[in-house]
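Undergrad: One letter stands for each residue in the lines below.
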Amino acid sequence: MTEHAKKQSKKVQSTPVNKDVLLLFLSIFIIAALVLIPSFNHNVAAGMSAINAEASNSAASLSHFSTIYDTLKYERSIHVLAMLLVGFGFLMVFVRNHGYSSITATFLVVSIAIPMYMVIKSFGGEEFSMSTINIDTLLFAEFAAASLLIAIGAPLGRLKMDQYVAMGLLFIPAYIFNEWLILESGLFKGFLDTGGSIVIHAFGAYFGLGVVANTLAKFKDDPACENTPATNQFCLLGSMILWLFWPSFTSAIVAPERVVLTAINTIFALCGATFATYLFSKLIRGKIEIEDIANAALAGGVAIGSTCDMTTPGYALLIGIAAGALSVIGYSIIAPKLEALIKGTDTCGINNLHGMPGILGGIVAIFITGRPFVQLSGIVVTVCVAFALGKVSGMLISLLGKKEMPYSDEDEFFLAE
Amino acid sequence: MTEHAKKQSKKVQSTPVNKDVLLLFLSIFIIAALVLIPSFNHNVAAGMSAINAEASNSAASLSHFSTIYDTLKYERSIHVLAMLLVGFGFLMVFVRNHGYSSITATFLVVSIAIPMYMVIKSFGGEEFSMSTINIDTLLFAEFAAASLLIAIGAPLGRLKMDQYVAMGLLFIPAYIFNEWLILESGLFKGFLDTGGSIVIHAFGAYFGLGVVANTLAKFKDDPACENTPATNQFCLLGSMILWLFWPSFTSAIVAPERVVLTAINTIFALCGATFATYLFSKLIRGKIEIEDIANAALAGGVAIGSTCDMTTPGYALLIGIAAGALSVIGYSIIAPKLEALIKGTDTCGINNLHGMPGILGGIVAIFITGRPFVQLSGIVVTVCVAFALGKVSGMLISLLGKKEMPYSDEDEFFLAE
Amino acid sequence: MTEHAKKQSKKVQSTPVNKDVLLLFLSIFIIAALVLIPSFNHNVAAGMSAINAEASNSAASLSHFSTIYDTLKYERSIHVLAMLLVGFGFLMVFVRNHGYSSITATFLVVSIAIPMYMVIKSFGGEEFSMSTINIDTLLFAEFAAASLLIAIGAPLGRLKMDQYVAMGLLFIPAYIFNEWLILESGLFKGFLDTGGSIVIHAFGAYFGLGVVANTLAKFKDDPACENTPATNQFCLLGSMILWLFWPSFTSAIVAPERVVLTAINTIFALCGATFATYLFSKLIRGKIEIEDIANAALAGGVAIGSTCDMTTPGYALLIGIAAGALSVIGYSIIAPKLEALIKGTDTCGINNLHGMPGILGGIVAIFITGRPFVQLSGIVVTVCVAFALGKVSGMLISLLGKKEMPYSDEDEFFLAE
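Chains as they are written, first to last, in the numbering used here: chain A, 1486 to 1902; chain B, 1486 to 1902; chain C, 1486 to 1902.
Honestly, I wouldn't trust all of these hints.
Same chains, same names: a pair is fine if it fits in one copy or spans any two.
[What the hints assert, rightly or not] In silico lysine-lysine, DSS-like type, Cα no more than 30 Å apart, as pairs: (1) K1887 - K1876; (2) K1703 - K1674; (3) K1504 - K1822; (4) K1822 - K1674; (5) K1504 - K1674; (6) K1504 - K1772; (7) K1828 - K1504.
Simulated from the structure, these hints should not be mistaken for lab results.
Make a model of the complete structure from these sequences and hints.
TA: Written out as structure tokens, the structure is:
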């Protein structure tokens, strides 16, 4: 294989280095850093003063409790980081000969999403801006990164590395706009989506589908996406990491006394989805498809999002079973039809894992809020905004050219010989 | 390899889809969900009321402390989940061409064990039932899942997927019975087993051995279990995950002020076992056997269980050294004799990792409790109950038929071509 | 491959079992255990009394807060363990056919470093000794283990397993000496290094370079270090684990109210370094080198160490960008020159990841402390002490002989056939 790889390497045309774009990206990063300097940015300066004040006052119980609750949230923020990097990163390693690209893209979009979200949110009006030195802001930034990672699952394998970066730079403002529209603008008062079935999962999924819509013709004669037992093994690792840290995702920002309830509901939903995935994979296909296990088993986590801190374990188990079944049906039956409909390829099947189960979760919340109109209109608006902005982003990204070898590391990475 | 695998695939006879069994399993899950609905189940309703009451009262310090301690336990419950899925799951991936099955079986039995334990414990008398929405109940359910994962290590590779499910459904009531008998019935008052050397590790191990006892003839002409450097690499990942989160397993339910002591004792025991494993593997075998490193290094965690919150680091180091040595001797010398004795194959060597080191841990506790009779009789009873119920379960499971290709994914999974 | 490996195996000369050395090591472990027995060791006895006193008094708020803060630190200590084992362990798996050795060496040196640090620190004068049953002591011991793991990255692949053990036994006292000299002796008052850019990262790096200095001739005709996509994939897993738990490393011992600030600064530094790594790898080399992504992306975490709890996110992002760029320049341009200079091979490139970025971090701290002399002299002394003691250790280690097959598992492990 070594010799073979070497020869291959010579034939391969490298994707050219686009120096101007890279230097533009660098400038954006440096500017982002500069605008956060305390003397320019009230939100950073205020955060530092608060910490120093707290330090001089730390004997008071109240200050202790707020520090402790923040630190407990910090633990969950690390769990979410594990999901972002190892979880999503390795889940996307299943594409054969594309592991380096999947991992590097994950590293890059996380590194763009978190600072960019926090920089944008450190400006703007009083109801929009958030303290830059604050655990909640970090968690919201991580949610944005998760949504972006979901979105890149659709075009995965067909973008150059700098196109992932560009997609990240376009996605974050779009995500912040939708988040504001649905949760902060006051237009959808009473919309329930604690764990982000809609604003995180469905938004990311339909943004991603927007990016790939009408791109099928462009990649028509290119090699197809393949996987192997070895790459799928890494994918299953990513899947397990997502599964086990999911309770920290849904409980990240719930009220302190609801963390345990949220965790138990989330675990029950995941258990239900995992079991239903095995069952329906076997019933529908005759044998078990490992892609179902790696993905659909997580659909319970997606669907429980909206109601994670309000429902009870029995209902959570039922939601999970429904989500797992829906997701397997998505992978086995709906996916080919959808790809024909949008004329684009959804590499990771994000509609099956994040799209449809997310919408299911948003709809189930009606039983709790009793406000079908608010809930449904919030869902429809999110899906439309996501798809439309994704479509526009897809057109902008395509201006940066085309990856030389789809589903391959060879054109952008040195491969070991 | 691709072409080869493809050809193989055609020759392979798929394990038939047993629809009735699958639908029976689904019904069990749905019934489990229904019996937890608050209006039917006092334990769920009471849990929700308590949370809502706490919310309205969260200014009081006492309520804060209870919420905080619960959330700290929650963090440990996530660590234990990491052990269950990535730890046990990947530890069992060492079997060549059986990675999909090992991972899927792990996902499934965890998804069965946790809800089933919590459903059963939400009923029964006052001294038996536990609140369904409670972090302690979740932790006990995770312990049950750990014990079950230990047990499936014995027949690993020789069961069909639905037989793992059936084994889970039979195991959990057996585990709950033994847990009640030893810890709650009052018959073994003063029995010390904080971290579960006996009720978790030894119970799982001897239940698993019971399942495989007298099954050797059945699999006589089947291919043997193999491993490769690549599969062993994944196995070592599982081993490391188990090692590093083990302090959260032993300290999961200890008193808050004993968490740090328990963690330090556990780490010292693991360090001692790891070092002894290297040493005895080299001394006994001449070269290092990676199976020893992946497994016996963990024996310190098993053996420290009973006394984890009562002993001190020096003793913990000695217990760890003894457990590591015992476990290597188990893998290298005792295992073949035991397999001849019980006429069955112990795929993962659970007797060497969980059986004997667990018993060692239970015996060491005598130095702390000073009650040799209670301690020894608790051990003997657990081993006998586990083996007997395992034997019965093994016979029931075998009614579901026989896996077409032992130690292979091919008969139950689509393999990438 | 199986048959081939089998044949190879026969040709290979095993590294001989050095029984005396192994038994000496065992005695050291047992003595370490004995000196910690409470009746001999005041620090253990005092720790146990404190815990028992706390238990009887746990109603008081003050005692609650101290228990809670300790438990929050405990969570971070587990995160650091994840970095030590899975992070460093798998980062070192990139060497082809050397995975078992990398993982086993990681297990062993962690198992030596933690107890040894705590045993040594449980003796000595009042200003030197630390309570043995204490979360801070455990964290400091984990830092020592991290520094040792950095150091073994230099000779990785060219030491026998018992030489790693010997290197650990020599390293820990050297590390404790430097830690005392810089932070406790009072000679460098005002030296800022909260997250250990200097005392952990730079010390480990230059100790390791000392070990390999002047060893090139010895390994002249030996096979070279190779890597493959599969081994690099595991390496990237290690890298991600290090990345995501890094905030817990830097915030491990900061004041409670500074944990969130430290975490956000650390994440921003890592984001900056990750982005800069991609950019400079592509600009300097034309294609992306995966070794850069796996390593240089972490340089931000190394460099933010000294100032992690004092700076703000914007500056952190800039420090990260600088560190990432410096590290890529190290891997691509400086490394070959350095190896020629010291006449030794730095397998993992620890100078590029931990050495130079560590020094950068120490220098940046001058802007905060305003004490250039103290800061610079602390850096110079650490580098000199590390290199000199590393050189001496390297000479002592070489007395134990030479590994039969560099960069190979075959001489010390049974390989699956």
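Undergrad: Against this structure, judge whether each hint is valid.
TA: Here is how each hint holds up against the structure:
1. K1887 - K1876: within (17 Å within a copy, 51 Å between copies)
2. K1703 - K1674: For K1703 and K1674, neither the intra-copy (42 Å) nor the inter-copy (64 Å) Cα distance is at most 30 Å.
3. K1504 - K1822: Between copies only: 27 Å across, 40 Å inside.
4. K1822 - K1674: Close neither inside one copy (35 Å) nor across copies (64 Å); limit 30 Å.
5. K1504 - K1674: neither (47 Å within a copy, 46 Å between copies)
6. K1504 - K1772: between (49 Å within a copy, 12 Å between copies)
7. K1828 - K1504: Close neither inside one copy (32 Å) nor across copies (36 Å); limit 30 Å.
Consistency note: the structure conflicts with the earlier hints numbered 2, 4, 5 and 7.
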